[in-house]
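J.: Can you build the whole structure from these sequences, using the hints too?
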Amino acid sequence: MAAPRLIPCLDVRDGRVVKGVRFQDLRDAGDPVTQASMYQDQGADEIVILDVSATPEGRGHAVETTSNVRQVLSIPLTVGGGVRSVEDAFALLEAGADKVAVNTAAVQRPELIDELADRFGSQCTVLAVDAAARGPNRWEVVVNGGRTPTGRDVKRWIRSAAARGAGEILLTSWDRDGTRSGYDLDLIEAVTAAVGIPVIASGGADNAIHLEEALSSGATAVLIASILHDGVTTVGSLKKELLANGTEVRP
Amino acid sequence: MSADVVIVPTGTANTASVAAAFRRLEAEPKPPKSPDEVRDADYLVLPGVGAFGAAMAHIDRHGLREILTDRINEGRPTLAICLGMQLLGEKSDESPGVSGLGVVPEGVTRLPQDLTVPQLGWNLVAPDPLSRFLKPGWAYFANSYKLASVPDGWIGTQTEYGGDFVSAIERGDVLACQFHPELSGAWGADLLGRWLNGTGGRS
Chain A
1 MAAPRLIPCL
11 DVRDGRVVKG
21 VRFQDLRDAG
31 DPVTQASMYQ
41 DQGADEIVIL
51 DVSATPEGRG
61 HAVETTSNVR
71 QVLSIPLTVG
81 GGVRSVEDAF
91 ALLEAGADKV
101 AVNTAAVQRP
111 ELIDELADRF
121 GSQCTVLAVD
131 AAARGPNRWE
141 VVVNGGRTPT
151 GRDVKRWIRS
161 AAARGAGEIL
171 LTSWDRDGTR
181 SGYDLDLIEA
191 VTAAVGIPVI
201 ASGGADNAIH
211 LEEALSSGAT
221 AVLIASILHD
231 GVTTVGSLKK
241 ELLANGTEVR
251 P
Chain B
1 MSADVVIVPT
11 GTANTASVAA
21 AFRRLEAEPK
31 PPKSPDEVRD
41 ADYLVLPGVG
51 AFGAAMAHID
61 RHGLREILTD
71 RINEGRPTLA
81 ICLGMQLLGE
91 KSDESPGVSG
101 LGVVPEGVTR
111 LPQDLTVPQL
121 GWNLVAPDPL
131 SRFLKPGWAY
141 FANSYKLASV
151 PDGWIGTQTE
161 YGGDFVSAIE
171 RGDVLACQFH
181 PELSGAWGAD
191 LLGRWLNGTG
201 GRS
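Chains as they are written, first to last, in the numbering used here: chain A, 1 to 251; chain B, 1 to 203.
To be clear, the hints were calculated from the coordinates, so they are not data collected in a lab. Errors might be hidden in some of the hints.
[Stated by the list, open to error] Straight-line C-alpha distance at most 25 Å; calculated DMTMM-like pairs for lysine to aspartate or glutamate:
#, chain 1, residue 1, chain 2, residue 2
1, B, K135, B, D164
2, B, K33, A, E248
3, B, K135, A, D175
4, B, K30, A, D206
5, B, K91, A, D114
6, B, K30, B, D93
7, B, K135, B, D114
8, B, K135, B, E94
9, B, K33, B, E66
10, B, K30, A, D88
11, B, K33, B, D60
12, B, K30, A, E213
13, B, K33, A, E213
14, B, K30, A, E87
15, A, K19, A, E248
16, A, K19, A, D206
17, B, K91, A, E115
18, B, K91, B, D152
19, A, K155, B, D114
20, A, K155, A, E140
21, B, K135, B, D190
22, B, K30, B, E74
23, B, K135, A, E94
24, A, K240, B, E74
25, A, K155, A, D186
26, B, K91, A, E87
27, A, K155, A, E94
28, B, K135, B, D60
29, B, K33, B, D70
30, A, K155, A, D175
31, A, K155, A, E64
T.: The structure is reproduced here in structure tokens:
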């Protein structure tokens with residue numbers, strides 16, 4: 001079987017990696033090319049870059065960043081943030097992305113998912129979903145960095161997106177993101193039971209046990225950010241721990 | 001001397017990733033300016049991301065069907081990646097009614113429904129001992145479909161995903177991979193290097 005993936009995520013604004021909790025208090029955390037290359041050397045299975053620029057000029061950097069990162073990266077690269085059309089997606093793919101993630105624009109106009117899947121294939125079309133807990137086994141889709149509730153139920157939204165052709169879900173728990181208190185396992189179980197496409201768990205990782213929990217809850221990949229950026233651990237040591245505990249990852 | 005590598009544009013593929021991988025090997029990847037350049041290329045790459053039907057329509061629109069078929073039948077250096085490998089087959093469940101290149105007498109079928117599909121991730125490749133190019137290792141896959149079985153006359157390699165599927169086939173200087181060598185880290189780069197250095201009269 002395919003091995004579960006460990007995927008470092010870089011939040012990029014105006015061409016620089018930034019970090020902060022829930023997109024607040026963003027601090028400069030370095031150059032995306034250097035960081036992507038470092039995580040690749042540590043054994044990352046894939047890299048996700050999310051452009052969190054607030055302005056159109058800032059977003060223009062995303063294509064350039066993608067192109068620069070591609071030159072050094074020989075593992076898959078997913079890019080998201082501000083993708084509103086097939087043209088936006090094509091520009092990123094031309095620059096060197098292998099997959100494109102959409103979020104807010106798809107909530108506003110779900111047909112975007114069909115258009116991307118028809119043109120580039122499902123394996124290229126990632127739907128990013130930010131989920132906020134609203135009660136037992138109930139989550140609402142939130143957008144705009146969590147500020148805007150959408151009224152959409154997470155499970156229903158993801159099922160309809162999969163039917164439209166989304167090939168992978170990047171599922172972020174809004175409640176856990178940046179807290180390092182572990183993934184929202186109920187959310188992962190609910191979503192992976194609802195769809196048969198791969199789900200990347202995101203939000204809350206602090207250690208290898210958290211990664212194992214997410215994977216045994218049904219995720220096929222785990223997104224990791226702050227613990228790597230803060231130098232708490234490396235992809236290599238997380239993988240070593242996973243292997244020692246019997247989870248087969250790519251060494 | 002650096003090698004000229006012609007990458008067939010399909011309008012949907014991740015050609016930038018393929019080109020970057022060859023540049024890191026100090027080859028000179030380029031898109032073809034004409035069908036003649038596809039025919040005459042020292043090294044040809046048929047990448048593929050997207051749907052079977054759309055890719056074949058693109059190939060036919062650019063008059064490449066016979067050129068590709070001839071190249072592959074003659075065993076000239078050609079690398080087919082992912083959907084590119086599936087295009088070698090006769091037809092695909094993905095696009096009923098569309099004829100593939102048909103250089104291998106096999107159909108393309110969907111991965112079993114009870115699995116997580118697409119297969120997105122790294123899986124183990126354990127090559128046939130006769131393989132000229134492949135070594136054991138982890139390769140990156142992104143596929144919902146697969147070649148039904150190893151065609152006669154080809155050396156095939158199988159990988160396990162809820163049952164065995166064909167992860168690569170080779171004949172002469174033609175190598176077709178269901179996985180993405182350009183995204184398979186150092187193992188993939190080594191493979192591309194062996195294909196470049198071991199074919200086209202270089203072996």
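J.: Against each hint, give a clear statement of whether it holds in the structure.
T.: Comparing the hints with the structure gives:
| no. | hint | result |
| --- | --- | --- |
| 1 | B:K135 / B:D164 | 18 Å, holds |
| 2 | B:K33 / A:E248 | 45 Å, violated |
| 3 | B:K135 / A:D175 | 44 Å, violated |
| 4 | B:K30 / A:D206 | 44 Å, violated |
| 5 | B:K91 / A:D114 | 24 Å, holds |
| 6 | B:K30 / B:D93 | 32 Å, violated |
| 7 | B:K135 / B:D114 | 30 Å, violated |
| 8 | B:K135 / B:E94 | 30 Å, violated |
| 9 | B:K33 / B:E66 | 17 Å, holds |
| 10 | B:K30 / A:D88 | 23 Å, holds |
| 11 | B:K33 / B:D60 | 16 Å, holds |
| 12 | B:K30 / A:E213 | 45 Å, violated |
| 13 | B:K33 / A:E213 | 52 Å, violated |
| 14 | B:K30 / A:E87 | 23 Å, holds |
| 15 | A:K19 / A:E248 | 30 Å, violated |
| 16 | A:K19 / A:D206 | 15 Å, holds |
| 17 | B:K91 / A:E115 | 24 Å, holds |
| 18 | B:K91 / B:D152 | 17 Å, holds |
| 19 | A:K155 / B:D114 | 19 Å, holds |
| 20 | A:K155 / A:E140 | 9 Å, holds |
| 21 | B:K135 / B:D190 | 9 Å, holds |
| 22 | B:K30 / B:E74 | 22 Å, holds |
| 23 | B:K135 / A:E94 | 30 Å, violated |
| 24 | A:K240 / B:E74 | 46 Å, violated |
| 25 | A:K155 / A:D186 | 12 Å, holds |
| 26 | B:K91 / A:E87 | 30 Å, violated |
| 27 | A:K155 / A:E94 | 32 Å, violated |
| 28 | B:K135 / B:D60 | 34 Å, violated |
| 29 | B:K33 / B:D70 | 19 Å, holds |
| 30 | A:K155 / A:D175 | 16 Å, holds |
| 31 | A:K155 / A:E64 | 35 Å, violated |
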